[in-house]
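Got chain Z; can you put chain Y with the ligands on it based on the hints?
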Amino acid sequence: MSEELRVSPIETRGVAGKRRFAMVVDTRRCIGCMACQVACKAEYDTPLGVNRTWVPYKVSGKYPNVKKHFLPRLCNHCDDPPCVRNCPVEATFKVEDGGFVLQRYERCIGCRSCMAACPYNARFMLPSHRTYTPITNVVDKCTFCFHRVTQNLVPACVQTCIGRSRVFGDLNDPNSEVSYLVANNPTQVLRPEQGTKPHVFYIGADRSHTEFARDAYRRLDVMESERAAFNKHFKI
Amino acid sequence: MGDYVWFHDVSWHATYAIYFFVVGILAGLSFLSYGSWLMPALRPLREKAAYGSLGLLAVGGLLLIADLSQPMRFLNILNPAYLHFTSPLAWGALNIVAFGICSILYILELKKGEDSARGKLLAMVTAILALGLPVYTGYDLSVHQSRPMWNTPIMPVLFVGLAIASGSAVGTLLAGGNQAAQKILREFMLWSTVAVGVMIVGILGTTNYGGSAEELTFMLLTTGTMGMIFVGLGIVAGTAAPAAMLFVAHLKEQTTGLAIAALLILIGSAALRYALLMGPQQLQTLY
Ligand code: SF4
Ligand code: SF4
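Just so you know, the sequences run in chain order Z and Y. Here my numbering is used: the first residue of the first sequence is 1, the next is one more, and so on. Here my numbering is used: the first residue of the second sequence is 1001, the next is one more, and so on.
In short, the hints are calculated from the structure, not lab data. Fair warning: there could be bad hints in the mix.
As the list claims (entries may be wrong) - Anything over 12 Å on all C-beta distances counts as not near chain Z; from chain Y, calculated: (1) 1010; (2) 1058; (3) 1067; (4) 1075; (5) 1105; (6) 1107; (7) 1124; (8) 1141; (9) 1152; (10) 1179; (11) 1197; (12) 1199; (13) 1260.
Claimed, not checked - From the structure, some residues in chain Y lie toward chain Z, with a derived Cβ separation under 8 Å: (14) 1015; (15) 1084; (16) 1089; (17) 1093; (18) 1095; (19) 1222; (20) 1284.
Claimed, not checked - Here are some, though not all, of the chain Z residues that point toward chain Y, as calculated from beta-carbon distances under 7 Å: (21) 87; (22) 89; (23) 112.
Where a beta carbon is used, it is the ideal one built from N, C-alpha and C, also for glycine.
Same shape as in the complex, but just chain Z:
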């Protein structure tokens, strides 16, 4: 790995004795079953309307040559995360060994700076009432299933992925499956121009998803009507 890329003091790229967990999402194998999204919901009791991981899709082409592209999304556990830089109270922090970007719920003041800073909209605000957990009114996001990974399990979404589209492991370990996949395939990351150095790598991702403004040139009134329909069903 080239040295000039290592600009942030908290990066763990190639650091001996430190792990650097990453996820590879092979979009050629994703069938859009949303099992990952459901498994994540079950693991964390994520409220209706918000998700730690979600699977947007886009249909391209004209009948009969059409294709549906899925692009599972989640927090990228960036090497140089703007959400960590922006948090005024260090409620969002980076775990040096592993590279997880985590949240201290008891410290978060709910200023939503991290939400504004994340280029991927990976964060959301938890509502004020939840059924099974007292964690409310703070920002939440994917944790790469820190509690599972530290017990040598893979994240819930990876465990459940029917197509084996999601693969998880330590990029600093040359023998890991993720190292092999990243080394032997052309990979894409979301919005690389942001310099966040994401740790979610895609194989075969469609550019209309990895770049901004999938819907950039749609008519505003169409977007507004879809937004109204969405809000009607997902009000929390």
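The following block gives chain Y with the ligands in isolation, referenced to the frame of chain Z:
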């Protein structure tokens, strides 16, 4: 067609825009109160501006706290063990506290009723700390590398311009019929409004020539309801119109004309802050 859109919420809502507005006026008033030590014509405004800025600090502080989803944890941001200095919010919190303390000391000095050297010094320190408030609010937006339009170093300067414009506008209303004070305030309003206009045109131009995200942000800000607020109220009615009015020489002597220009500037600066906060965030809800 056929795209499934995952809608996200905007991070910061209108409360923040009102906070920007309030903080801008309080900084502008603080500059005026210090200005009264340098320009005798502004002397009648000294106490009014100092009290006004302290009162607005209370309003702004309450708005900020109310906007947190965990309001009682605002103390966390003042806890030295938690403070994270890479965040502009942390600097902002320290700036607000320092300004509040200095402002109270300054008012206590003013209460003595004499033009002391200490009063002048406190006025200067308060004004410098007040300058930090619009600077940090602009900085707060400009650090967001992924948000088109916010991510420009001109943002803090623009917020200072807006603070001088809206502070002088409130000063004009407070000055009543005082011709000497109004003459100076007219100059402040005119040049700060022109500066704001130039910066807005600059930001809009570079946004329109950016990538697809920037172009859409430009589109969102110049069409529909947001277009009415940003272009209609903010640029045309709240910047160009008062600047043109203030250019007309005979308004120098007209209290009503100046008051109308001041009101337009206030409407414009509120609209600009709202649109600059909300417009660029609309795009993020689509990605
Ligand atoms: S994807 Fe967003 S929330 Fe996750 S680490 Fe990066 S900036 Fe932070
Ligand atoms: S919302 Fe919480 S985690 Fe996010 S920046 Fe504010 S305090 Fe930090």
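Any hints this thing doesn't respect? Which numbers, in order? 1, 3, 4, 8, 14, 18 and 19
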